[in-house]
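Both chains come to you apart, so use the hints to assemble them.
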Amino acid sequence: MFDGYLLSILVWLPIIGGIAVLFASEKRVVRPLALVVSVLTFMFSLPLWTGFNPVGSAMQFVELTPWIESYKINYHLAVDGISMPLILLNTFTTVLIVIAGWEVIQKKPGHYMAAFLIMEGIINGVFAAQDAMLFYVFFEAMLIPMFIVIGIWGGDNRIYATIKFFLYTFFGSVFMLVSLLYMYSQGGSFAIADLHALKLEMTPQILIFLSFLIAFGVKVPMWPVHTWLPDAHVQAPTGGSVILAAIMLKIGGYGFLRFSLPMVPDASQELAWLVIFMSLVAVVYIGFVALVQSDMKKLVAYSSIAHMGFVTLGFFIFYPIVAQHSVDDVNSALAIQGGMVQMVSHGFISGAMFLSIGVLYDRMHTREIEAYGGVVNKMPIFGAFFILFAMANTGLPGTSGFVGEFMVILASFKANFWIAFLAATTLIVGAAYTLWLVKRVILGDIANDNVAALKDLNRREFFMMAVLAIAVIALGLWPDPLTHVMSDSISHLIEQATTSKLLTP
Amino acid sequence: MELVYLAIPLSALIGSMVAGFLGGKIGRKASHRATLTGVGIAFLLSLYVFQHIALGGNTYNGSVYTWMEFGKIKFEVGFLIDNLTSMMMVVVTFVSLMVHIYTIGYMSDDEHNWPKNSKAGNNSYQRFFSYISLFTFSMLMLVMSNNFMQLFFGWEAVGLVSYLLIGFWSTRDTAIFANMKAFLVNRVGDFGFLLGIAAIFTYTGSLDYAEVFAKLPDISNISVTIFSEKEWSLITVIAILLFIGAMGKSAQVPLHVWLPDSMEGPTPISALIHAATMVTAGIFMVSRMSPIFELSDTALNFILIIGATTAFFMGLIGVVQNDIKRVVAYSTLSQLGYMTVALGASAYSAGVFHLMTHAFFKALLFLAAGSVIIAMHHEQDIRKMGGLKKYMPITYWTSLIGSLALIGFPFFSGFFSKDMIIEAVHASHLGAAGYAYLMVLLGVFITAFYSFRLFFLVFHGEERMDDHTKAHLKESPKVVIIPLIALAVPSVLAGYFVDPMVVGDFFKGVISVGDSHHAIEELTEEYHGILGLVEHGVMALPFWFAMAGLGSAWYIYMKNQSIAEIAYDKFHWLYTLLDKKYFADEFNQKIFAGGALLLGKGLFKAADRFVIDSMIVNGSAKLVGWFSSIIRHIQTGYLYHYAFAMIMGVLFIMSWLIFGVKHV
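Line by line, the protein sequences are chains W and A. The first sequence lines up with residues 0 to 504 when you count with numbering that gives the first Met the number 0. The second sequence lines up with residues 0 to 663 when you count with numbering that gives the first Met the number 0.
Note that these hints are calculated values from the structure, not bench results. No residue lacks a Cβ here, since even glycine has one placed at the ideal position from N, Cα and C.
The calculated lysine-lysine pairs, modelled on BS3-like cross-linking and capped at a C-alpha distance of 30 Å, are: (1) K438/W x K604/A; (2) K569/A x K558/A; (3) K438/W x K579/A; (4) K580/A x K569/A.
Label-pair distances were calculated between CB atoms; the ranges are: (5) F626/A x Q495/W: 35 to 43 Å; (6) D217/A x R459/W: 53 to 61 Å; (7) N121/A x N449/W: 19 to 27 Å; (8) D448/W x K383/A: 31 to 39 Å; (9) A592/A x H364/W: 28 to 36 Å; (10) S325/W x V63/A: 26 to 34 Å; (11) D448/W x G594/A: 30 to 38 Å.
If we strip away everything but chain A, and leave its shape as in the complex, we get (with noise of 0.2 Å):
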């Protein structure tokens, strides 16, 4: 087995070097079949492993090698395949695969998006395929591994593959701003998550997941005093400074400002990568990490607060956006909001349930929304559109049911997951659970009411497009169709896996639960089946929070228009307040930016030219100018002058070298 876990990534890696490396000789369809290739193998035997693993009650931890060793320090590369690794394996290659077979389709005729004097524009049809091999890659890494090192390596690597994508469109300022904000903004979160392993590594001396959880009891009661005065418990420490690694990548508020902006690169990493994978990679780790988590209920209340705000807030940015893409993206904010908000309640479970559900029905989102504007000539203004159910049929269904999952309609993936996680934050009895309760109760009348104003505006209504577009309009080639398809069908059923993975023992001894936060233990009493739950769902309030928003989005934006009208003059204020994104960015520019370069700025004029250079070094020179100066007058210039000083000089230092110094 130890082959086929080798195996799986590296297929991925295979594939993507072919395509970056050869892509130029082999030509375009050899590159996205080298590629289709890896990541097939990939998927295959991902399902494979999560027969073995999951259906056949498996666990494996093992190294691949030694990356360092010296002393007793021991780093090593290694895979921890459990229930939670191999479903997210499935998930993330799964995907993968979908978003590589629509690259097909969706980079076609890529080089309409490069000038016609760049080179880089050659081959960036290979090159994106490489790059999301790469990706696959690196986000396999990350969930298979069973140490911290490797954990962070992927964590950045994806990172990195991220930062290349989102600029992946080179020649446009706006992608080239994004990509480096991207990889900022997320380096502020890696380096919390750098401190946290740093603080494990201290008190347990390992990074080896099962190492540093075995030593957990020692070190629960420790305190540490960090700034003076207030006693910390370590643990709390180590789990807030993991957490706001899982803040940078999961672009939780106040580090959500690079994910919009990720929205420049091309549509299928948008699917792939901003929204089904790389960005729950934080609740993955987190979930992983839930025996730290559990003995820190400040650590989780402050996670509560966290996601619970993310879910509320940029889901209501969500409303005023009018780029197809931004809207998606700030749903997925939203969304992310939600599955943190289930950490924090301790229904880890739930969390990654939703992680799952939601993988499928946002890349379904974000894969029709790509078919949506490759029909639209990459017009991307839900303004100009409407209308576009009768040339779309496949897309439109397909949206329909991405969008109904993702509202939490009963029977939909989206429903399951988005109950459970309400249910535990009302089960919950930490502190922040109130407010997190509230948020994620408004956040589910918002989310329907953004969803389907877009869908609405999208699919229905008036045409809005130019008649040039309008006489362009059909439906998307197969390669494109097939995925959201292949998308749509886990994006109904996967709802269903609530038995085993929510309110059953799928995670069992893979998270754990800590005695005193029974959110899960109190879903799975109540818990009788599906329909049952389905039957409790639609008398709860959820429900008739997520009707409300589907219905008045349908009112304004189909039946009404003049109200949408009217609260933009009333409330213009909050209109503003939203479409500024509640001035986060500007902030961020003016503070962080602009305060760094003031900084750097004076300290170099300041310290490093005037000070050091001006002062010290030319200033010592200048003395030297002005003693040589003097000194000077008894410089004749006669050789016989020089030669007798020098003689003297010799004799001196001889005499004290021999005379003066002690011999032993």
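So that you can see chain W by itself, here it is in the shape it has in the complex (with noise of 0.2 Å):
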């Protein structure tokens, strides 16, 4: 019924709910107000995932108007099989986040809902915008309400962290303006389509290809222009914790996928190298750094960095692939997909984990580790599913975690020896600063006052919990559903992404 506009749906009705939740003057009415918002816009993407014809890798939902003629700026909205997924997982997480925050957050409510819906349409627009200007707003807008959150519910060194924040990413985006300028005043168009099919010689594909991965490797993010993320999270509120984790990390992921891949493919082959390089860093290097983290907050910050290594690897490990073998080799497929499954997959359990923490803070308001111990005593409920994410966290085989760390690994093993060995370090060093969190904070006699006064989970608590439970599990024991959307729109990218489009001078 309202096809034709869903997507316009999904990006303006948490906007302008989220505004409406800004002005509401009865206090009373905010908290409601933003649930329904979120739940209908959660709602509306459903339709996304039960109308989407998996057959095939044209863009669909497709909405077109121009927007500023001069320039050929559309506004463009389509997704295929690659971005709707993370539209449903954004729509999913912003529900949760309402729920967390429901009698969390004393200061401002209403701001602080207004922002997270807000946030929710603008992401939808990243995810949804196949013009390469639309794009550009929405990849931008999206840091300003992220910006507030951290800097109004943050904690005590907010300023540092949001400055810190803001500057990482912005500074990554604006080479990637200058790209798509670059490549507009080349093709004059901001189409992505468009963009796709440019041909560009080698020198401009390099410095592209080199201005995307500041862009998006500042986003993911990748070693070594992570160490925004640990300071954000420490400093943001939950809710803005599992927006981050959960959502803005797999933008720049997404940013991989659409823009560098299929736009330009040469300078991507000639540098996979270089990704995979990062990549890998990014899992072994971090994992160790995430072991002596004395900050809750900040050792699973870490381990999320750990976790995007394996998006980045399964990204780019296809090039030596099919430089080895053959260009339909299926290990080339199963290495993107895996990438994909872990960032929808890793958006579950980071979120999980975070929400995890929030309960504890919202008790202790301390996230140090060695504050707590033996909270299962207190909260056996919370503690079971603090062990359930905790082992997703380690890739346990049945929950969502294994999924894509077993499909990179297999597949970068027909790549090369080294490359599966040092990426399944993660299942010693993964486990381990993870085992070791949940024996310090979870396990244990009752270290001491302050945790013998816990009280367990609350029923809100508890369904968000649970909910987050039930995605991680169903993941694991079926992820076919979600990789079978992706399937043909993966095969397309791989086309493009391995179909040489130099210009030769």
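Rendered as structure tokens:
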């Protein structure tokens, strides 16, 4: 019924709803209103899934209206199998954020909810935009609500964290803007599909690739431009951390698939080794760094970086595979699919981990691991959830955390034994930092009086934990529905990414 | 039949979920009934399946659902039910059922193990049942799998449950250290295992057993370069990687360190998980993969060395242990070594046969130890026991049966299975077989010695417990005794299946043995019935080694205690070495755990904090600060200056966009 406007609804409904929440005069209506808007948005995103045609790689739910005609910039929205699951992940997570902030946020709850709703709409725009300028506008606009969320509801050192966060990401995207303008100057169009077809010489391709690498690499974040993330997480309120980890990091990964690989395939191939190297550093090096963190949020933040390393590894490992074997090698699709599954799964797991830490923080007002111990004695239900999510974080089969890592490791073995070897070390290191966290926080005897006074999950918290637990297990036991919708789009992407479009001067 | 296969693991799972999710509401009785029903159904159906498959001569290989599919890739969840599987299913569900019954007695007063203010202790009884049923489900998924993905699922799922159960008494520091250690050491094994699976997928394009085995001839000649210069046979690489997984799960040196510590968990799970079933998963896996292992003599030699080393040197540690459970635990390590040796000698059937007999008698020994522990009010030091025979007759007799089976006394099950292994190693022509033979032979002496040292110290001689404990000594309740008796029966009788299982053709078509490896073939030729085997057995070295071990234990611990003291004084270095378990724990703690932390700290402080943050990020911020302090002079604070600059800027950009950009 709304098919023609579905994506616009998903972009504008939460934004308008957010503004309404912002100006709602009655304090009592703020929270229910926010919940209604987020749930409605989630409901509207479901037809995207049910109405999606997984056969073929064509863009679906297309909306195209001229926006700034003199520069041929269009309001052009559409999704394929790569962006559609990410939109659902976003609408799903936002509902949880609203629930998570329900009683916890006492300071200006209306502003808080509004910021997240507006952010939801903007992020939907990022995933749906088919015009590079539109993408860029959403891409930048997204920073504003996040900046506000950390800056107002953040911790003691929030100003440093917000500035660092903003400068880092802004620094990244400026280069992307220059690249987009350059490509416009060459092809006269900002339509992403046109940019996919635009032929370029090698030098500009390399420069464009590097600028995208900075822009998206900061977002992911990849080593060595990752240091903003732990600070941002530590200072952000729970909801901010969840959105940051579950959704915003994915925009970096998405950018590689939508921009880098198809727009500059020759440069991507040339420099794939660089991304693979950076990814492996993220997996191994960051794992060890996570081990020594004394702040729970920092630990999970570093763990996020390590897990996102699998995403970028999966997205670029197919170049060496294709170089050694054939283009239609199954491992290429396996690797990219694996990266995508890892993104969705990481959305669930890291979201759940940050929510769990939020549950503890709300009660104890500290994130220091040392302040805890024996939580399970007072919060057995919470303890069970925490151990489940921790196990998912270590990539236990049967949980979603396993699927993506398994696929990427399997595929990278085809490229090189040592790449698979280094990637697989996460099995040990990831388990080490996660289980050590569990041991120190959840297990053991009751450490102090503060822990002794803890109360188990209330209904609201139980609900959000249970929903995420179901998602984590469902995706782990049956990932086919997810891989099924992405399959054709990814085949198409591989075709684009392996077809040279070098312009010979 | 498909539904029956599906119902077997699921009934255990459903029981587990009922006890786990509803345990608090429905109470203790309903919870243990639910899990018992689940596992009971699984056991009965397993018997039915055994009858259909093993006796009926059928094999089933089919998929349950498609886990993931795209392009040419298809990962499925499915079952492969053949003789090996159906045997494992019966063993797993039988031992599990016995342990479930036993647990009713053993865990009945578990609230005493928890601090009063711990809510986690409230439903611990129900939770324990939920876990052991979940374990049964996971183990069944592992043995019933027809593909590597599901195998890995079961493999890690049993590891998860083991983690939960070792740390069951989560308020004890030792328990939560032990469970983390167990998981991490197993992960080291799984690391190799997963790479092995990846190698298989890379070269065969499939994870389905049947498809992989069918493609083996195509890849048997491929060699790969891993380290520069040296070429490795691909099959050797795959086999060793897979075996590293088995080393973790089946606790082979040097990945054995987790198993003794796992005794921190309640005794029923020591019997079920850390003796009878989970730890034998590695043995099962290698047997299942026999077509792969048979292609690499290098891998088989490697397996022989690891297994033989484990068999002897771990048994040796058992001699100096004083904790009743730890003695049995080291005995388990040693026996797992025996099974591994059998695999290396290509006598997979002998290994699996020993797996089966060991499951019965070792579960029995653990449960009997648990019965002693109940009577002793959770005292586990054998130096404080003694003379329990007259208080606990049934525990005594069943322990005797278990011990005799363990040392391989004629007519008891362990005799047949261990004899087969030793003979197979003797017949093997591999390079490492000589070393392995020596180790397993000496191991027989050691096994008999520590087993009966334990037996005499616990059940005979002086009553060394305090008066309070002595006054309360009594035989354990029925729910504890019945499983002991039920396990004692197969501990004696299971050995008589040596005919079909080892020298017969029970595993024909399931386990494949290469043409050049004829250990089993030779055993078959020499086999002339059970009595012939016994007759031959009592004339052979292993039997006399066992008798010597038993005799020495009797003499030293019953007759002449001074020998133990003299040996302790004279060979103090040896005692220390064994008491410290060859310093393996210290080494791992210092080098691996300490090294990882040091590395993490170094990377965090030096690279993340100093180079990236202090120098690059904040450094450039400072640079900008310095720059802006100069620029500041241009900023006048007058609005019209800014407006003017902005307009100029916009004009500039517009003109560049309009005139500078070439339109297509």
